[in-house]
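Chemist: If you want the building blocks of each chain, they are given just below.
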Amino acid sequence: MRKLLTLRQQEERDGFWMLLPAIGVFGVISVLPILFTLVLSFTDTPLSNPTPQNFVGLKNFLAFINSKDFWASIWRTFYFTSVSVGLELILGLGIALLIHSKPFGWQFLRASLIIPWAVPTIVNGAIWRWIYNADYGALNGLLYSLGIIEKYQAWLTKPFLAMNLVIVADVWHSVPFIALILQAALATIPREIEEASMIDGASVWQRFVHIRLQLLRPAILVALVVRTVEAFRVFDIIYVITQGGPAFGTVTISYLTYLESFTYGHLGSGSALSFLISAITLMLALIYIRILYRPEVQK
Amino acid sequence: MTKLYRITMIVVLIAMAISMTSCGAKPESTEKSVKVLAMQQAGPTPEEMNEIVAKFNESNPGIKVNIDYVSYDALHDKIATSMATNPPAYDVILVDDIWYAEFAKNGYLWDVTSKISKETKDSIFAAAWDITTVNGVTYGMPWLLDEKYFFYNEKMLADAGIAAPPKTWEELEAQSLILKEKGIVEYPIVWSWAQAETAICDFVALLYGNGGRFTDENGKPAFNEAAGVETLQWMVDSIDKGIVNPASISYVEEDVRNTFSQGKAAFAINWLYMYELAAINTDESQVVGQVKMSLIPAFEGNAAPSSSINGSMGFSVVDKSPNREEAWKYVEFLTSEEIQREYSAHLPPVWSGNYEGEALNELMALNESNPVTVPMFKEQFPYSHVRPKVPYYAEGSKALQLALQEALTKSKTPQQALDDAAAKWIELAK
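Chains A and B are the protein sequences, given in the same order.
The C-terminal residue of the first sequence carries number 299 in the numbering used here, and the numbering is unbroken.
The C-terminal residue of the second sequence carries number 1430 in the numbering used here, and the numbering is unbroken.
The set of hints was computed from the structure by calculation and includes no laboratory data.
One or more hints might be untrue.
DSSO-like cross-link-like pairs, simulated, lysine-lysine; straight-line CA separation at most 27 Å [to be verified]:
#, chain 1, residue 1, chain 2, residue 2
1, B, K1412, A, K68
2, A, K59, B, K1430
3, B, K1410, B, K1424
4, A, K68, B, K1430
5, B, K1424, A, K59
6, A, K151, B, K1180
7, A, K68, B, K1220
8, B, K1155, A, K151
9, B, K1241, A, K151
10, B, K1424, A, K158
11, A, K151, B, K1410
12, B, K1182, A, K151
13, B, K1424, A, K68
14, B, K1105, A, K59
15, B, K1410, A, K68
As the structure is a computational prediction, the values presented were derived from the model and not from experiment.
Take these sequences, add in the hints, and give me the full structure.
Modeler: Dropping the structure here:
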């Protein structure tokens, strides 16, 4: 005998059928490779024969945990991520507020903001590599003509400086993303709330901290999570600008994964590294959500 | 409604299943395809490579050749990843001298020893066969004979009152100081010492010119012996003295070419391709007519008058390729004596006959640069040194690149940096 379903149960069942193709595609292109990588991470499979072989247990993970290079690359990645995302958030918020105040030419400003974001990361890296070139780069030309430097500088030859210059290139590329998200969120804040607070005598700073910043919280959360995850996986811009040099000074965790997997051909340990990256990015996302996500704000 | 949904879903799933299976179906065609992975830097231009394909198709109409180009620095990793699928993404690959041992061990390359006739074997330089041969097995045809060369700006030297280019590194140092004192150029020499293979090439050229060696007779690393440490110390000191452009630490070959071509260096070390672009091509260079070549100097007291690095490459057929015979036909054609004779405007031929009699005259007349580069190749090649042919070269090289950079950025002493790299080589060899 056919069981009678409530309307809600019927909807749920239909929803399942409608989602099934998407679940299937997601499973094949995302879940299966992740599981495959997980299996690989417990083996010492070489790239030349990428079928899982020689189970080594936790050896790959333990080798990295005891490796100086691994911790150095983790530190560099955290530095890159925090400085890059921090600067992007401050600049992005500043630009969003500027556009929101609708100064002369704000529409042009908003439209031109998209340009750095639209440039592919590889192209962006190539542009900045030219800008930083010691003999014919625009940065030296600009600083020299302004009298800030007495002679051309070899920018990319010092590890820490090179890392910061890569961060500048990344910030230039990604600030528009945060600015546009925050600008769109600012536009949704009802004017009445700000007007009421003005009548109550709130200062500009108080209005910014207690109204705008509070209402921007969900948008900031989205921007931060997306950018942090992206910044933590940074690879292409480093590959183009410094190739991880000088002296491994810009080798981040993703770059180390690339070297392990594809240059050295150690697919097993490369997979272990990718899992460590995933675990750390997941942890960061959870921390953000815990700090910034307050359901009552959304009500 | 629910029935309609269900029917729609079933139709969509069936459509997806059909489209997925059709992805894997082979097109019904008799045409065989040969996919080639090559590099865009040295050697024939893509236009010349396309002309060669067109000629190949005149006698082999059923074989379609597609060539992909990547930069040298991306080539190794692109090959390694493309070999992970079955069948592999390419049928023919361009392989650097230093990768043959690794690729042969990994089973990427087809053994073509029996396919090479005695006549072919004898007509190509023995040193060229060394490139594609590992433990007596030949894995491809030698194609690009390259090595690093010494370039100098004759006008700058003349302006400084210097009559001849340096024959030793000590002489180069003295000439550089004169050039600096007279304000002709701020940093007289530019190198490619970035964290890439090119830094190893420059180091090896200097190392052998200082009586050093990469490995000892047992294959153990020897670059950390006294000569190696002294060589690396010389590299560090030459930056401190302002002789070497400090940006060399971040430069690869193209940066060297651009800096030299803009008249910002009096001396440079680079592959052969730089000559035409810097000395002749007015679109690419501001020092056209001022560029000359001579033997790479050696250090005073070195047994040989010069030392360079061999950077030759060969074309190989991929072992798992479903079209190995067709791929081999193309490789044979591409590297044949006739084709090399006709297309040697940008690479010295591997066939010894091309350097004799009428063929030599033809070779010299091919373009404006060959009258300079061909004799220079013959003069420099006897002093070219090879890097070790070991399966772990890519990882060992990275360790040595790191050592060079650590010393150049002064985070370690040359001795400590090279000792650490040598320890890594010993560990990799286990």
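Chemist: Now, for every hint given, state plainly whether the structure supports it.
Modeler: Hint check results:
As the CA atoms of K1412(B) and K68(A) are separated by approximately 16 Å, the hinted pair is consistent with the 27 Å bound. Among the hinted pairs, K59(A) with K1430(B) is consistent with the structure: their alpha-carbon atoms are about 18 Å apart, no more than 27 Å. With a C-alpha separation of about 20 Å, the suggested pair K1410(B) and K1424(B) falls inside the 27 Å cut-off, and the hint holds. Pair hint K68(A) plus K1430(B) holds up; C-alpha atoms about 21 Å apart against a cutoff of 27 Å.
The straight-line distance between the Cα atoms of K1424(B) and K59(A) is roughly 19 Å, inside the 27 Å bound, and the hint therefore holds. Taking the CA atoms of K151(A) and K1180(B), the gap is near 15 Å; set against the 27 Å cutoff, the hint holds. Using a Cα cut-off of 27 Å, the hinted pair K68(A) and K1220(B) holds, with the two alpha carbons roughly 25 Å apart. About 24 Å separates the Cα atoms of K1155(B) and K151(A), which keeps this hinted pair within 27 Å; it holds.
The straight-line distance between the Cα atoms of K1241(B) and K151(A) is roughly 16 Å, inside the 27 Å bound, and the hint therefore holds. Our distance criterion of 27 Å between C-alpha atoms is met by K1424(B) and K158(A), whose separation comes to about 24 Å. With a C-alpha separation of about 22 Å, the suggested pairing of K151(A) with K1410(B) holds against the 27 Å cut-off. Note on K1182(B) and K151(A): the hinted pairing holds, with a Cα-Cα distance of about 17 Å set against a maximum of 27 Å.
Between K1424(B) and K68(A) the alpha-carbon distance is near 14 Å, which keeps this suggested pair within the 27 Å criterion. The suggested pairing of K1105(B) with K59(A) holds, with an alpha-carbon distance near 24 Å, which does not exceed 27 Å. Note on K1410(B) and K68(A): the hinted pairing holds, with a Cα-Cα distance of about 19 Å set against a maximum of 27 Å.
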